[in-house]
Structure formats: C-alpha cells, structure tokens
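With the hints as a guide, dock the two chains, each given alone in a separate frame, to form the complex.
Chains as they are written, first to last, in the working numbering: chain S, 50 to 341; chain R, 17 to 216.
Just so you know, these hints were derived from the structure itself, not from any lab.
Quick caveat: nothing in here was measured; it's all calculated off a predicted structure.
Possibly wrong hints are sitting among the right ones.
Output of the computed footprint for chain R on chain S, the stretches with three or more beta carbons under 8 Å from beta carbons of chain R [as the list claims (entries may be wrong)]:
1) 54-66
2) 78-87
Once the Cα atoms are required to be at most 16 Å apart in a straight line, the calculated EDC-like pairs of lysine to aspartate or glutamate come out as [what the hints assert, rightly or not]:
3) R:K86 - R:E24
4) R:K182 - R:E168
5) R:K182 - R:D152
6) R:K182 - S:D59
7) R:K86 - R:E168
8) R:K182 - R:E164
9) R:K182 - S:D56
10) R:K182 - S:E62
11) R:K86 - R:D23
We put the beta carbon where it would ideally sit given N, CA and C, even for glycine.
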Amino acid sequence: MNANRHDPLDADERELARVLRALPAGEPPSALDARILAMGRDAVVTTPSQKDEAQPRTRSAPRLAWGLGVAASCAMAAGLVWRMGGFGGDRIDGAGAAASAAEGVAAESSPQPAPPMPDAASEAIHVEISPPRVPTPSVAPPPPSRVATTAAEPPAAAQAASAEGPRARLREPSPAPRRESAPAAAAAPPAPMADAARVAPAAIADESSTPEAVVVTGSRIVDVVQEDGRAGAQVWIQRIRARIAAGDEDGARKSLQAFIERHPAKPLPQDLIDFQLRAAMDTVEPPGPAGE
Amino acid sequence: MDVERSDEALMLAYAAGEAEAFEPLYSRHRGPLFRFLLRQVRVQATAEELFQDVWQRVITARDRYRPEAKFSTWLYQIATNRLTDHWRAATHRPTASADDMARLEREADPDTPEHTLSVFEERRRLQRALEALPPDQREVVVLRLEQELSLEAIGEITGAGRETVKSRLRYAMDKLRSRLGGARDASEPSTAARNAGSKR
Chain S
50 MNANRHDPLD ADERELARVL RALPAGEPPS ALDARILAMG RDAVVTTPSQ KDEAQPRTRS
110 APRLAWGLGV AASCAMAAGL VWRMGGFGGD RIDGAGAAAS AAEGVAAESS PQPAPPMPDA
170 ASEAIHVEIS PPRVPTPSVA PPPPSRVATT AAEPPAAAQA ASAEGPRARL REPSPAPRRE
230 SAPAAAAAPP APMADAARVA PAAIADESST PEAVVVTGSR IVDVVQEDGR AGAQVWIQRI
290 RARIAAGDED GARKSLQAFI ERHPAKPLPQ DLIDFQLRAA MDTVEPPGPA GE
Chain R
17 MDVERSDEAL MLAYAAGEAE AFEPLYSRHR GPLFRFLLRQ VRVQATAEEL FQDVWQRVIT
77 ARDRYRPEAK FSTWLYQIAT NRLTDHWRAA THRPTASADD MARLEREADP DTPEHTLSVF
137 EERRRLQRAL EALPPDQREV VVLRLEQELS LEAIGEITGA GRETVKSRLR YAMDKLRSRL
197 GGARDASEPS TAARNAGSKR
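With the rest of the complex left out, here is chain R (with noise of 0.2 Å):
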C-alpha cells in the first residue's frame, strides 16, 4: 500500500501521527541520502552521525513540511544544511589544494605502459576525484549524477540559483572528466595492445 503512496503522502501522514508511514518513507531514501553524505564527507562514521541527524531533523520538523516542496528537495535541502553546518564546525571545509590536485596529477599518471584500467582503478580515481572537488562543486555532482536531478531541483536544494549550479556542474564535470579520461587514454594503448596480443 504504501509503495503506491507518493513521499508527500507518506510525509503527510507521518505528520498527522501515522507511525507507520515513516518506515517506506526511510527506506525510499536511505540509500541514496547516506551515499551523497558519504560522497561529500567521505568518512564513513561522520556520514553516519550527519546520516542520522538529517533523519533526526526529518522527524523533528515534521509538522511544519508542507506538500507544496518535494519530500526529496526538502529531504536534501535539510542534508544539505546539515553538512554546512558541518563544514562551519568542523573548519576542516576541504578544499581542492594544490596539494591534492598534485597528488590526483600523480595518481592519474599511468605507472607502466602495461597498467590496465581495471573497473577498480576507475572507481578508486572516480573517488579521488570527487574528494578533490571543491563541496559545492561536489555536492551538485552527486546531486546530478545520482539523483539525475534537473538544475531546478539541484538549486532548490542548495539555495544557488540555476546559472550557480550549472556553472559549478561544468565545473565538477570537467575536472572528473579529465582525470578518468587521462586516465582511460592512457590505458587505452595496453588495452588496445592486449585485444591485439589475443587476436593473434
């Protein structure tokens, strides 16, 4: 039943005192929510303490949700508050240094002329990349590839207008972009040598 219900409709229910309704409504979003705080804290403990938190806040401030915003907008638009708060406290807001895209420049170098790309190399350089992302470059990164959310709602969430989100979404993208496909241009050599080496 309540899989045919919208988030709104559970939200609202959860309001009116229907304890019942929260658990879809968590399970709906639990995933994806503890993925984009892991994305933009990238430690696992922190982003279970925020993870709960923003849940913590859910419930708090259920009486005052209104229909009219998406369960999700402010589902994130909550998250998204919460890790400011955290960068705020933490003064450990992470930056992308020179020293971390020297280190990227590094890593993103192929080591032999042999090294393949494997699936886990892509990811551990997807990962690397996302965390030398500047948070607001990142945050709307993983907002978009993740959620596909449109630049509207990436706004509606973090408070920057359309051009903000679409400007850093380039951004982001460029530099992601750059590093996986360095680092796919540079395995693709080998890989093109080793189709060859088989097909003889």
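Pulled out of the complex, with its shape left as it was, chain S reads as follows (with noise of 0.2 Å):
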C-alpha cells in the first residue's frame, strides 16, 4: 500500500511547490524542540515504572468487579439450588411441587378427601400400594388427563387446586371433574413419568368401579413410608410435599423422618424445613420410631 508512496511533481506542480518552499514557512522553534525532545525522552524513560504501577490499577478493577459479579452470581445460583431442593439431585422445582399437590394414598390417614393428584409418579404409588384397594372417588388419583394439565400448571394455581379440590369433592363424589379434563389427556406427560403415566389407566378403572372410602391404619402409613423410600431423594421429596399437599400430614412427617435417617446429608427444601417445625410444634403424637 505503501508503494507508490511518492509521485515525482510534473512540471506546473514543480513551479508551485519551488515558490511553496519558498514561503517562510520555517521551522518550529528550539525551544519547542527541546521540549517535544525531553517529552520523548521522558515517556520512554518513565514508562517502565509507570506501567508497573498503573497497569495493575487498571486492570485490577475490572478483575475485582468481575470476579464479585461471578462470587454473587455463585452464592445466588447456590441459594437457588438450595431453596428448590438441595444438591445433588434433590432439585424439585415450583412446577414438580406443584404437580405433586396431592396424592390419593396420603388421604388414607387424612379424613379430609385428597385433592386431585397430578403428580404421575405419587399415582404410580397410590397404584402400587394399593392394587386391591377401591379408592373413593374424592381420594383416588385423577386421570392421566387431569396430571398433565395440572403439572403445566403455576405452584399458586396448583395450590389453589389443592386447597380446593379435597371439599369440593367432598361434595360432590362424582367423578365428573375427572372427565371434564378428559381432553387434556392428549397432553403427553414428561419423560420421567412415563412409567406413572402407564398405570395411571388402572387407577382410574379402580375409581370408576368402586368408589368407596379408604380405610386407613398404622400399618398402611408405615407402608406408605417404606414404599417412599423406595424412592430417590427427589421423588421421596415430591411424596412427602404430596403427603402435605393432600393432608396426610403423620404420613409426611413419617416419610420426612425416614427421609432423614436415610439420607442425613441431604439438605431438606425450605417448604420441608418448615413443615417439620410446624409439624414438631403442633404434633400432640410423638414422631414414629423410625424418626426419632
């Protein structure tokens, strides 16, 4: 780029540029010299110790404010991690809570009818441990239909459901809202609970056949306790929030109980956290032998 850098002057150019020359354009004063000299001098000179100094300060700013932003950043995802589930494994989040809002085995030792149960994995249960059991049809688990929608669903919408669903259908026996959200059963469920999603037809046929109440003893929560732990960590979480959701709260504070003793590294979710407070302020029965 640099070569035709210079373009001899034709003859008319060469007449001007002589008389240009010419003009006492100068030169810059010494002084100016010797300053612009000393400058040059001085840059080069200084500039060893200055970088040394001011470099670090440059950069040590911006390292510092990216490094708190990644430090605050940590602690948040961590805070995060540990309010939706704990580590390793035992992330449940806001829509898994929600659509674990009840569970037709928890009514069994509540005498309040259980919500519905969107949770495919807490009906898996309800179908494992009760085969021969005809639930009534305010506890027995809802349709693949009603789990799909209901685990689409915001925790607020589930919880109002959940808080709803055990006296309207009180009520209101039939099976009806069952088959409202019939539509929705096209909805495929999620991958993980394929296997709920499978058995969830016999749950239904169960309820449609028989609807009688549920008869609930000792033995069956001890049961439903050790079928929980059957479970991972994170499952057995979503059991126990079921347990709650649905008021089952002896089988909950059960299965938390033997959640702790299984897995005492674990850190427990904050909703967990307080119900076993609660549950330990407000309980009049002492905890199982397994808890304590």
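Structure below.
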C-alpha cells in the first residue's frame, strides 16, 4: 500500500512547489524542539515504572468487579439450588411441587379427602401400594389428563386447586370433574413420568368401578413410608410434599423422618424444614420410631 | 547509525524503549510537519501548539504503531486528525468565502503597469492563495507539493478516496495557478519592457 507513496511532480506542480517551499514557513522554534525531545525521552525512561504502577490499577478494578460478580452469581445460584431442593439431584422446581399437590394414598390417613393428584409419580405409588383397594372418588387419583394439565399449571394455581379440591370432592363425589379434564389427556406426560402414566389407567378403572372410602391404618402408613423410601431422594421429597398437600401430615412426617435418617447429608428444602418445625410444634403424637 | 535506519525501524525501537531512537525520527520530520501545520492554520502559535500535540500523540501511541504503515503516513494521519479536531473546536473553520476571493482578486491585480513581480510578491500571492483554499484542498495540495506524496498516500493520510484527493488537488492547483498565473501575466509586459530597455 505504500509502494506508490511518492510520485514525482510534474512541471506545473514543480513550479508551485518551488514557490511554496520558499515561503517563510520556517521550522519549529528550538525551545519547542527541546520540549518535545524531552517529552519523548521522559516517556520512555519513566514508562516502565509507571506501567508497573498503572497497569495493575487499571486492570485490577475490572478484574475485581468481575470476580465479585462471579462470586455473587455463584452465591445466588447456590441459594436458588438450595431453596429449590438442595444439591445432588434433589432439585424440585415449582412446577414439580405443584404437580405433586395431592396423592390418593395420603388421603387415607386424613379425614379430608385428597385433592386431585397431578403427580404421575405419586399416582404410581398409589397404584403400587393399594392395588386391591378401591379409592373413593374424593381420594382417588385423577386420570392422566389431570396429571398433564396440573403439571403445567403454575404453583399458585396448583395450590389453589389443592386447597379447594378436597372440599369440592367431598361435596361432589362424582368423578365428573376428572372427565371434564379428559380432553387434556392428549397432552403427553413428561418423560420421567412415563411409568406413572402407564399405570394411571388402572387407577382410573379402580376409581370408577368402586368408589368407596379408604380405611386408614397405621400399618398402611408404615407401608407408605417404606414405599416412599424405595424412591430416589428427589421423588421421595415430592411424595412427602404430596402428602402434606393432601393433608396426610402423619404420613408426611413419618416419611420425612425416614428420609432424614436415610439421607442425613441431603439438605432439606425450606418448605419441608418449615413443615418439620410446624409438625414438631403441633403434633401431639410423638414421631414414629423411625424418626426419633 | 540512525541515519541508516528507516523511520519504521526507529519508531519500533522507540516503542521498544530505546529513547535515543526518538531524536533522529523527530529531526527527520519536524520541519515538514511543522510547515504542513503552519500552512493549514497560518498562525505560528497555533501551529506550534498543534505540532507539540501531534508529537505528544506519537509518543503516547508508540505502542500501537505497526510497521505495516509508513511512519510518515501515520504521523500525518495523526496531524490531520489533530487539525480536524482543531477546526471543530475552533468553529472558525476557514472557508473560501466570497470576501476572501474578492480580496485575492483585488490583490492579484497589478497596481501599476510598472509593477514587477518580485520573488517576495510571488510568495506573498501564493501564501494568500493558499489561505483562501478550503482546508481539505489546502491539505491535499500541501501534502502533494511539499511532500511529493502520491494520491494514494494522501488518501491514506486524509482518509479520502483517491478520486476525491485527485479532485481536491485539481481544484486547488487551478486556483493557485490562476492566482500566480494572473500575476505573472500581469508582470510579464513590464518584465519584457525592462528586458527590452536593458538591451537598448
């Protein structure tokens, strides 16, 4: 790009250039020369030390800010993970918690009927645990359509549903509400719930065939707790939550105690910690031998 | 030793911390650069201020200098940028106003038939003609006539395309020629008469 840097002047240009160069433009004064030369010399002589001082300062501030930002982000992420169910695969998000709002088995230990059970995993438990039993409409698990619909609902909606569900179903034992949500059955359940979805039709069949009340016994609670214990920590926590949501506080408490014994190192989600404290204060009946 | 080293080598050496490399580099370019600036701003004090600023920028930016660019191109780019800043800040960017042109026309006229165009007068006219040029044309013509730079090199320095440079140069040359040519034409009869008189 610099190959044609200079180009000889033609005759016209040379004549003008001759006059131009003769103009009294002069040169910079010697004082200015001295000042600039000193500037140039000083810049190089003083630069190394100045650089050593200045560079860390200019670079350390962004680095410090960056480091603080990363640390804050990590702390926030850790807090979120802790809040949502702890580390090591115990993450339970709001949708999951909302999805496990109720469970038919949990209703057995409670005089209140269970709200709809949107959690397919919980539904699976119900089916596995009490195949011969025939749950009443109020405590029976909902069809898969309900599972799919509720799983997609926000937590608030799920909570509202779980709060209203039991009473509504006591008043109205007909399985009609479940049939209303039948069109939603087309929605495919999430992959982890595939097993539960497979067994759900059996539950529907049981429910529709013999809508009777479920008899709750202590041995059944123990069975349920044992059944909870077979699942992984995350599913276990979901089941505990489902019991709480269904009003099965005894079962939930025992299951939680069993969980703590089985997984002493697993951090509990805040809602279960709260439940534990509340249960410890409210309970008249001492916790089961597994918990204490 | 430094006489043999190219500008680029000196600049790289200076950037690498060799303080002694700055002086020969400065010596080579101080005169042309100062004249270039003075031709643009026409005020000695302003030219000195800009001249110092340009070298200050060279010193400050020495680490960013890359030998892909000729040092002189880089230097004059800095100077041109500084001039642009100057015109913007001063808000008195000189233009070839009608008054200027009229003044030049008046001055270009020979006052008497006996008027002779001395060298001093010629310089003075060129100076005035340069002053009357728009800055971008003046910049181009000074770089061309004083530095003998090619259109491409001037384009690199000023950031204008080759055709733009060519156009600016053509306009500027025409104006300068018209000022000087008119004066010369006016002076020629008297010169011829003087020559004739001397022969006699």
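Hint check:
no.: 1; hint: 54-66; verdict: holds (count 9)
no.: 2; hint: 78-87; verdict: holds (count 6)
no.: 3; hint: R:K86 - R:E24; verdict: holds (7 Å)
no.: 4; hint: R:K182 - R:E168; verdict: holds (9 Å)
no.: 5; hint: R:K182 - R:D152; verdict: holds (12 Å)
no.: 6; hint: R:K182 - S:D59; verdict: holds (14 Å)
no.: 7; hint: R:K86 - R:E168; verdict: holds (13 Å)
no.: 8; hint: R:K182 - R:E164; verdict: holds (14 Å)
no.: 9; hint: R:K182 - S:D56; verdict: holds (13 Å)
no.: 10; hint: R:K182 - S:E62; verdict: holds (13 Å)
no.: 11; hint: R:K86 - R:D23; verdict: holds (8 Å)
Checked against the numbered hints given earlier, this structure breaks none of them.
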